[in-house]
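Using the sequences and the hints given, assemble the complete structure.
The sequence shown: position 235 = 579 (the numbering used here), numbered continuously.
Think of the hints as simulated: they come from the structure by calculation, not from any bench. Quick caveat: nothing in here was measured; it's all calculated off a predicted structure. Glycine is no exception: its CB is placed at the ideal position from the N, C-alpha and C atoms. Be aware that one or more of the hints could be misleading.
[Said to hold, decoys possible] Pairs of lysine-lysine, DSBU-like flavour, derived with a Cα cap of 30 Å:
#1 LYS636 to LYS681
#2 LYS742 to LYS731
#3 LYS715 to LYS742
#4 LYS715 to LYS636
#5 LYS521 to LYS704
#6 LYS347 to LYS681
#7 LYS748 to LYS715
#8 LYS681 to LYS353
#9 LYS715 to LYS502
[As the list claims (entries may be wrong)] Quick list of simulated restraints, FRET-style, between CB atoms:
#10 ASP370 to GLU685: 31 to 37 Å
#11 GLY364 to ASN711: 55 to 61 Å
#12 SER562 to SER709: 23 to 29 Å
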Amino acid sequence: MLKSQEVRKISPEMDPLRLGAGWSIDDLSKPQILIESTFGDSHPGSSGLNALVDRVRAGIADEGGFGARYFCTDMCDGESQGTPGGDYSLPSREFICDMIEIHAQATPFDGGVFIASCDKGLPAHLMAIGRVNIPSIVVTGGVMDAGPDLLTLEQIGKYSAQCRRGEIAPGQLEYYKHHACPSCGACSFMGTACTMQVTAEALGLMLPGTALLPATGSEILEAAYQSGRQAVRLVKSGICARDIVTADSFENAILVHAAVSGSTNALLHYPAIAREFGLEVTADQFDALHRKARYLANIRPAGEWPAQFLHYAGGVPAIMEEIADQLHLDAMTVTGKTVGENLEDLRAGGYFEKCESQLKKWHVSRNGVIKPHDHPIDANGSIAILKGNLAPDGAVVKHTVVPKRMWHAV
Numbered sequence: 345m346l347k348s349q350e351v352r353k354i355s356p357e358m359d360p361l362r363l364g365a366g367w368s369i370d371d372l373s374k375p376q377i378l379i380e381s382t383f384g385d386s387h388p389g390s391s392g393l394n395a396l397v398d399r400v401r402a403g404i405a406d407e408g409g410f411g412a413r414y415f416c417t418d419m420c421d422g423e424s425q426g427t428p429g430g431d432y433s434l435p436s437r438e439f440i441c442d443m444i445e446i447h448a449q450a451t452p453f454d455g456g457v458f459i460a461s462c463d464k465g466l467p468a469h470l471m472a473i474g475r476v477n478i479p480s481i482v483v484t485g486g487v488m489d490a491g492p493d494l495l496t497l498e499q500i501g502k503y504s505a506q507c508r509r510g511e512i513a514p515g516q517l518e519y520y521k522h523h524a525c526p527s528c529g530a531c532s533f534m535g536t537a538c539t540m541q542v543t544a545e546a547l548g549l550m551l552p553g554t555a556l557l558p559a560t561g562s563e564i565l566e567a568a569y570q571s572g573r574q575a576v577r578l579v580k581s582g583i584c585a586r587d588i589v590t591a592d593s594f595e596n597a598i599l600v601h602a603a604v605s606g607s608t609n610a611l612l613h614y615p616a617i618a619r620e621f622g623l624e625v626t627a628d629q630f631d632a633l634h635r636k637a638r639y640l641a642n643i644r645p646a647g648e649w650p651a652q653f654l655h656y657a658g659g660v661p662a663i664m665e666e667i668a669d670q671l672h673l674d675a676m677t678v679t680g681k682t683v684g685e686n687l688e689d690l691r692a693g694g695y696f697e698k699c700e701s702q703l704k705k706w707h708v709s710r711n712g713v714i715k716p717h718d719h720p721i722d723a724n725g726s727i728a729i730l731k732g733n734l735a736p737d738g739a740v741v742k743h744t745v746v747p748k749r750m751w752h753a754v
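This is the structure in structure tokens:
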């Protein structure tokens, strides 16, 4: 018997209270799916999520379940960095994770769809998925559009410095500020937000090819709908989160992280997420895997293109295709199939050709965005753990953005 139905027998008040909240009598006996999101007006990564919540809920209903909407919005590291507000950033991850545990367990749900986009909200959701260990699937809010001339937010710091030096006029800086974030979605560079979206898919917790979708397109709405349907299927098949995410899954995620030159903040989040799954990820493990990994994605800030171009070039599946020989292709995913089986299905369905067709209007080839395995941007991953008298226990550096002339140690 489903957990949601067991608790109805224990609590006679459950049915009337849920009827008062909008459930129908028929809804009460359906698989109960938690729809947990960070929707709110806090920042672009969360402000557009309610549209995804609605599509997820529709998918759940069409598959015979009932989706209940719960919310705990996140803060924006971009808005708070360099201010006293930044002190709340990492604690907010813990708070959101705890709230999700409360939502999922206080009146037990049979499964969950977890919807977030950004720096602390998405790691919090991944931690909570491991903690509550119910059938789970992740939907991310995708990537915001780039501005004029492919302007993206990480360039604002550079333009602000140029303005202070008198190299550009204040009006030009204002123009850049007004156009750097033209839509909802995560900031369009491989910062923490996009890194964690990629991570969620690499761990096997998202439908293949759905990380870093353009936040304003129709694809992301369809992905949300299909994720809602798949959540109910996972409940019916009894596949829980810890059945999917294993030590092999984390090795896959670290190798994908290396290939996309992911954020160093992953060193804060991967160990915390792994711990909730009963696993361990260490800085030394990161270092060892990166040393034999390939850095392939020509994506800002280390590369040339905004983050949505990674999706246009085939997204996480295209990265996995290039590094397939290093991956655990037998790792399970939310599709009920392995990583290798998912890649076979995508190839057979023309997924990669469909994605690449979106690059044509930019006159860019797939290899211009994702380098081939044999011709990487760097053959030693993208981050390293350094140890010495300044950091005896180790420090992390993204060497892909450090000029070679600074590579000096004594």
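Hint-by-hint comparison with the structure:
1. LYS636 to LYS681: 27 Å, holds
2. LYS742 to LYS731: 14 Å, holds
3. LYS715 to LYS742: 19 Å, holds
4. LYS715 to LYS636: Within the cut-off at roughly 16 Å; holds.
5. LYS521 to LYS704: Within the cut-off at roughly 28 Å; holds.
6. LYS347 to LYS681: 25 Å, holds
7. LYS748 to LYS715: Given pair LYS748, LYS715 holds - Cα atoms ~21 Å apart, limit 30 Å.
8. LYS681 to LYS353: 35 Å, violated
9. LYS715 to LYS502: The given pair, whose Cα atoms are some 27 Å apart, holds under the 30 Å limit.
10. ASP370 to GLU685: 31 to 37 Å: 35 Å, holds
11. GLY364 to ASN711: 55 to 61 Å: Taking Cβ atoms as reference, GLY364 and ASN711 lie about 58 Å apart, which means the hint holds.
12. SER562 to SER709: 23 to 29 Å: 25 Å, holds
In the structure shown, a violation is registered for the earlier hint numbered 8 alone.
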